[in-house]
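Protein sequences appear in the order of chains A and B. If you use the working numbering, the first sequence closes out at 418, no skipped numbers anywhere. If you use the working numbering, the second sequence closes out at 232, no skipped numbers anywhere.
Read the hints as simulated data drawn from the structure, not as lab findings.
Straight-line C-alpha distance at most 16 Å; calculated EDC-like pairs for lysine to aspartate or glutamate:
| hint | chain 1 | residue 1 | chain 2 | residue 2 |
| --- | --- | --- | --- | --- |
| 1 | A | K69 | A | D92 |
| 2 | A | K69 | A | D97 |
| 3 | B | K228 | A | D241 |
| 4 | B | K204 | A | D303 |
| 5 | A | K232 | B | E16 |
| 6 | A | K157 | A | E189 |
| 7 | B | K160 | A | D303 |
| 8 | A | K318 | A | D280 |
| 9 | B | K159 | A | E296 |
| 10 | B | K228 | A | D239 |
| 11 | B | K159 | A | E299 |
| 12 | B | K160 | A | E299 |
| 13 | A | K69 | A | E96 |
| 14 | A | K318 | A | E282 |
| 15 | B | K74 | B | D104 |
| 16 | B | K9 | B | D25 |
| 17 | B | K88 | A | E221 |
| 18 | A | K64 | A | D92 |
| 19 | A | K292 | A | E313 |
| 20 | A | K318 | A | D285 |
| 21 | B | K88 | B | D104 |
| 22 | B | K88 | A | E216 |
| 23 | A | K293 | A | E310 |
| 24 | B | K204 | A | E299 |
| 25 | B | K172 | B | D231 |
| 26 | B | K172 | A | D239 |
| 27 | A | K232 | B | D25 |
| 28 | A | K293 | A | D322 |
| 29 | A | K232 | B | D21 |
| 30 | A | K157 | A | D188 |
| 31 | B | K228 | A | E244 |
| 32 | B | K160 | A | E296 |
Stretch by stretch, here's where chain A covers chain B in the computed footprint (C-beta under 8 Å, at least three residues):
| hint | region |
| --- | --- |
| 33 | 107 to 113 |
| 34 | 164 to 178 |
Each residue gets a CB set at the ideal place from its N, CA and C atoms; glycine is no exception.
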Amino acid sequence: MKLLDRYNRVSLLATISMIVIAGIVYYFTISFILTNQVDKDLLVEENEIFDYVSLNHRLPQVFKSDDLKIRFTATPDSTIVRRIADSHFYDDQEHEDEAARMLTSSVRVGTQLYRINITESKVETDYLIRVIFMITLGLIFVLLVVLLLVNRTLMRKLWEPFYETLRQIKLFNLADRNGIHQVDTRIDEFHDLNREVTAMSQRVLQDYQSLKSFTENASHELMTPLAVIVSKLETLMQDSDVTERQGVLIGEAYQTVDRLKKLNRSMLLLSRIENKLMQDAEDIDLRDTVRKKVIEFQELLADKHIVIREDLEPHHIKLNRDLLNIMLNNLLGNAIQHNSPGGRIVVRLTGQQLSFCNTGVPNSLNQQTIFQRFHKSPESEGTGLGLTLVKQICDNYSFGFGYTFADQLHCFTVVFAN
Amino acid sequence: MASFETVVKILVVEDEAGLRDSIRDYFAEGGNVCETVGDYASALQKINMYRYDCILLDITLPNGSGLDILDALKANHHPDGVLIISAKNSLDDRLQGLDLGADDYLTKPFHLSELKARVMAIVRRKSFNGNREIVFNEITVDLLAKQVLVSGTPVKLTKKEYALLLYFIANKSKVISKNAIAEHLWGDEIDISDNFDFIYSHIKNLRKKLIDAGSGDYIQSAYGMGYKFTDH
Chain A
1 MKLLDRYNRV SLLATISMIV IAGIVYYFTI SFILTNQVDK DLLVEENEIF
51 DYVSLNHRLP QVFKSDDLKI RFTATPDSTI VRRIADSHFY DDQEHEDEAA
101 RMLTSSVRVG TQLYRINITE SKVETDYLIR VIFMITLGLI FVLLVVLLLV
151 NRTLMRKLWE PFYETLRQIK LFNLADRNGI HQVDTRIDEF HDLNREVTAM
201 SQRVLQDYQS LKSFTENASH ELMTPLAVIV SKLETLMQDS DVTERQGVLI
251 GEAYQTVDRL KKLNRSMLLL SRIENKLMQD AEDIDLRDTV RKKVIEFQEL
301 LADKHIVIRE DLEPHHIKLN RDLLNIMLNN LLGNAIQHNS PGGRIVVRLT
351 GQQLSFCNTG VPNSLNQQTI FQRFHKSPES EGTGLGLTLV KQICDNYSFG
401 FGYTFADQLH CFTVVFAN
Chain B
1 MASFETVVKI LVVEDEAGLR DSIRDYFAEG GNVCETVGDY ASALQKINMY
51 RYDCILLDIT LPNGSGLDIL DALKANHHPD GVLIISAKNS LDDRLQGLDL
101 GADDYLTKPF HLSELKARVM AIVRRKSFNG NREIVFNEIT VDLLAKQVLV
151 SGTPVKLTKK EYALLLYFIA NKSKVISKNA IAEHLWGDEI DISDNFDFIY
201 SHIKNLRKKL IDAGSGDYIQ SAYGMGYKFT DH
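Build out the structure end to end from the sequences listed, making use of the hints.
Okay, structure coming up:
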């Protein structure tokens, strides 16, 4: 859940419950005050009656009013308790019962005792309360809308630097050397966050660069000793009295050094591709290049009795020729090397993608580990960097690169941008 | 014997003694002259005094750059062939070297057989008599027509077999490793190393074609190491 939504939810809930509680308190308070007011009116009426009686020694004339009714009833009962209570008021005009307050009292005129019933309708107060209730409701609604709008716009604006920082962190990539930039903000928290993230990205980049240059330098430094070993072994090979056993040993040592050499070269190549040191691109007829590559590999294909099917549409592409070569060598090389004898390869080129599909082991390769550095099948004697190189090249050109396994075919597909 | 091979005079400018000696041992046979120097100053001295068919030039030298030596050579219009050997497989170095007039560029570590083949190609291109033929006993390779003749009869070879034959002749009487052959024919960035058994069938085919055409059996297997092209 987004912070903003979460905050909105909490603040809205709090606001609504506060307003509802306030409304209830409000209702009862106003109701109480207004009832009090009505009661006071009743007492005033009663007083007037008493005054009238004591002055004139007779009951006052009763006028009918919209909201007040006075009734005198002669009663022998002398135990009437003076009280005010809730009652009903029958509105003669509206013909309906209304809530009311009724004062019951008694007055003595001469010797006759009369019961006084003064009833005052509360319809006016009810109306008032209703109006207040409506206003309160309206207020809640307006408040909610305003609150939502303010949250939405203001909070979004406030959080903008945060989202900008987040976006940069998401895009952060060790390989392309631009770190995270400072975002202008006057909010201390975001400013601090941004400053720390920026500093951290710089540190990470620096560490990564030094690690990379270490790898590169180490690989370079290895080249000369390797060259000496290779040349010494080759010199040793020329010795006329090498026995068969020695020859096999020399041959094995030579092959191993050669593997080391290839590994080293691949590592150097990888770091150069990562550093985007092979930039010069040219327009290349991909169909033609793939065809030539297949011809170049035909002896290897024939050796394993592999049937190759080319399904190539014309496609031109702009990229570095050396990199394309590395890519094709590895893709086609893998398709041959990991193929079963008498297997087949399907090379497919469309305007969108280039795929190499080959028969081989009967089940799918592990999607997770296949593109990892130095991951290779147990029987492979390659460097384990081939697919990594291809992947890196694809990354450089924002091409997609993926593996699928269907119909007993292992497919490696390069998807061109757009 | 091929005329271009009578005497090849080579200068090796390389600061790594181990590598320098191996190169000298590999080249200094069959009347070839192979001189070696290990630093910038002696290299400059040598190129000012003597002419070579080919100079093998390391770029990173103590007290100087091999590229400066190349510069000095070109400034004096010396016709020596130059092959740059460098530990740096960077395009910049390669382009710079070739721009300055180097004939070829080889990255360390390399196979001596590949080095020899490259040097021979440079020497051949530089030879004044415009030698366009390589002769090995009854085998003649017409470099212009890319044709191989055995005792005057053309032999039909595939592109790779042709390249293989040239490679063998350039390294005649030398044991060439299977790795070197594979790399020469398919390039060094190819990541296939199934013991290079596939090399065997090509060698077999080439050998059969040559013998069928009436040539001697010159290709010998050298135990687990590789192959040798020799007439004795």
